[in-house]
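Residue strings, one per chain:
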Amino acid sequence: MSDLIRLKNVEKKYKNGVTAIHNLNLAIEKGSFVFVIGGSGSGKSTLIKMLYREEKPTKGQVIVGGLDVAKLKNSKVYKLRRKLGIVFQDYRLLPKQTVYENVAFALECIGEKKDSIRIKVLKALEDVGLKNKVHEYPDKLSGGEQQRVAIARAIVNEPKLLLCDEPTGNLDPDMSMEIMKVLEDINKRRGTTIIMATHDKEIVNKMKKQVVTLKEGHLVKFKQKGKYEDEAI
Amino acid sequence: MKLFRMLGRSIRDAVKSVIRNFSLSLASISCITITLIIVAIAIMASYNVQNFTKEIERDMTIVAFLDNDATKSDVKEIEKEINSISNVDKYTYQSKQEVKEKMQAESDVFDTVLQNWSDEESPLKDTIQVKVKDVEKINKTAAKIESIDKVAVVRYGSGMVDKMIAAFNQVEKITYGIVIALIVVTVFLIINTIKLTISARRREIGIMRLVGASNFTIKTPFIIEGMILGIFGSIVPVLITMYGYTAFYNHFDGYLYSQLIKLIQPEPFIYQVSLSVIIIGIIVGMIGSSSAVRKYLKV
Ligand SMILES: Nc1ncnc2c1ncn2[C@@H]1O[C@H](COP(=O)(O)OP(=O)(O)OP(=O)(O)O)[C@@H](O)[C@H]1O
Ligand SMILES: [Mg+2]
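Residue numbers (my numbering), protein chains in the order written: chain A, 1 to 233; chain B, 1 to 299.
Take these hints with a grain of salt, some might be off.
[Claimed, not checked] On the chain B side, residues computed to face chain A include the following (Cβ under 10 Å):
(1) M1
(2) L3
(3) R9
(4) T53
(5) K54
(6) E204
(7) M208
(8) R209
(9) A213
(10) S214
[What the hints assert, rightly or not] Residues of chain A clear of chain B, computed beta-carbon distances all greater than 12 Å:
(11) T19
(12) F33
(13) E112
(14) L122
(15) E136
(16) S142
(17) N170
(18) L171
(19) D174
(20) M177
(21) E184
(22) R190
(23) K201
(24) K208
(25) K215
(26) K223
[As the list claims (entries may be wrong)] The calculated lysine-lysine pairs, modelled on DSSO-like cross-linking and capped at a C-alpha distance of 27 Å, are:
(27) B:K219 / A:K114
(28) A:K79 / B:K295
(29) B:K125 / B:K76
(30) B:K2 / A:K76
(31) B:K219 / A:K76
(32) A:K56 / B:K295
(33) A:K79 / B:K2
(34) B:K195 / A:K73
(35) B:K219 / A:K113
(36) B:K54 / B:K76
(37) A:K49 / B:K219
(38) B:K2 / A:K120
(39) A:K13 / B:K295
(40) A:K30 / A:K208
To be clear, the hints were calculated from the coordinates, so they are not data collected in a lab. Nothing here was measured: the structure is a model prediction, and the numbers come from that model. Idealized CB from N, CA, C, for every residue including glycine.
Build the full structure now, drawing on both the sequences and the hints.
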């Protein structure tokens with residue numbers, strides 16, 4: 001059982017009647033780096049949301065790190081969230097807090113001690129290459145740097161799983177490659193499993209990682225060292 | 001340890017947001033203040049009213065004066081009839097001899113005066129003192145007693161007293177109504193204050209959820225904020241209770257309406273009232289903030 005994530009016959013039907021995911025079966029091993037690709041509306045974000053229990057599957061089983069996510073009570077969702085980090089397209093930083101404070105916030109919220117917060121935050125900022133911007137405010141940073149702050153915040157609690165929903169969606173190609181280097185580094189050095197939803201063909205083709213291809217909510221392909229195949233989409 | 005750390009954080013956050021939303025916080029605090037002033041006055045007034053009505057009721061006795069020619073067997077007959085009235089609690093008979101001895105023992109002046117009267121001259125009469133169960137029906141009971149044969153006159157606590165008690169009861173009820181209405185308004189204002197804080201911090205709350213903050217951690221700062229509003233709101237009412245009541249008491253030397261109403265001593269009364277006011281403030285603050293949290297935080 002080296003699978004970190006297992007989905008069995010998962011279906012997600014939204015309240016408005018749209019079925020975003022159809023009968024999805026998927027197993028993702030610990031330590032892997034997986035792209036989730038597909039056209040707009042193919043269900044990438046929905047899949048990611050089910051993994052951190054923002055949405056519940058309407059059918060089937062979603063297991064993340066041994067937790068049966070669908071059965072998790074609302075009041076216990078935080079237990080799942082502490083095991084994973086999440087990064088979005090829009091960074092979601094606190095504008096009035098410094099880089100350090102933004103990252104430390106994640107640990108303060110779960111009651112860590114000040115000393116260990118300091119050590120972990122500096123380590124995470126070093127890992128994303130922002131050690132020299134510790135006291136800056138987010139609006140003084142480039143988009144790529146802001147996204148790296150968000151990544152630092154996501155990994156500061158040393159999660160086994162890092163979920164990214166189009167983390168490079170707002171960035172130009174150079175900055176996007178920077179972010180990809182950081183993510184690859186985290187995947188290799190920390191052994192963190194990474195699942196990343198993206199539209200970016202170039203990135204997928206360059207990185208040569210596992211690729212899950214979705215089309216209208218169906219899994220059409222799951223390849224090791226995959227490519228962004230237009231015909232599948 | 002961890003709990004204290006989280007609590008410290010929550011308190012810090014709560015104080016910050018009270019300051020940040022200063023104008024709305026001030027509105028809530030003022031509203032709590034007004035409510036609690038009225039609550040404090042209502043508590044103090046109602047305790048004082050209860051206190052002296054109890055005392056008056058204890059003294060409310062019907063005194064039936066018997067005819068001078070009432071014989072021993074007449075007295076027995078009268079006692080029997082009094083006993084048959086349902087509102088009568090208990091009664092005691094005093095012969096004029098006993099009344100005389102009692103009065104003589106009470107004061108030297110009475111003693112000399114009474115000694116000079118012969119039995120025939122004496123204005124004193126045999127009396128039966130009757131305690132009633134329900135003071136509000138005392139006049140009916142008195143009338144019944146007066147209609148008994150050989151009962152000359154009947155006296156009882158003046159009608160003004162029962163009217164006053166009834167009026168106080170009425171005022172008390174109206175006050176309760178006002179207090180409840182004010183508390184409802186206050187709770188709504190607090191809900192709105194906290195709602196504003198919550199919406200100002202939506203982003204932060206969203207991030208807290210993502211990084212795995214427990215519901216307790218997310219909720220507590222807002223609940224504490226409500227409690228802080230309650231505590232700030234109770235400062236002025238507590239001062240009014242402590243200094244206002246003491247000054248009032250001292251100004252009237254502890255009595256109202258020339259000895260009729262005995263006021264409750266300020267100590268420890270004012271401390272008890274202050275404590276209740278603070279507790280009510282905190283509870284009202286908590287009710288407001290918890291319902292805001294339930295409504296707008298969905299945790
Ligand atoms: N909260 C929601 N309520 C109702 N329908 C939704 C909701 N979220 C998504 N959908 C629908 O579910 C389908 C899949 O949406 P999803 O956001 O998962 O796609 P996506 O692959 O992330 O698309 P994009 O590449 O544009 O981000 C779409 O048809 C979308 O309209
Ligand atoms: Mg999406």
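- Query: What hint numbers does the structure not satisfy?
  - Reply: As far as the earlier hints go, 4, 5, 13 and 36 are violated by this structure, in ascending order.
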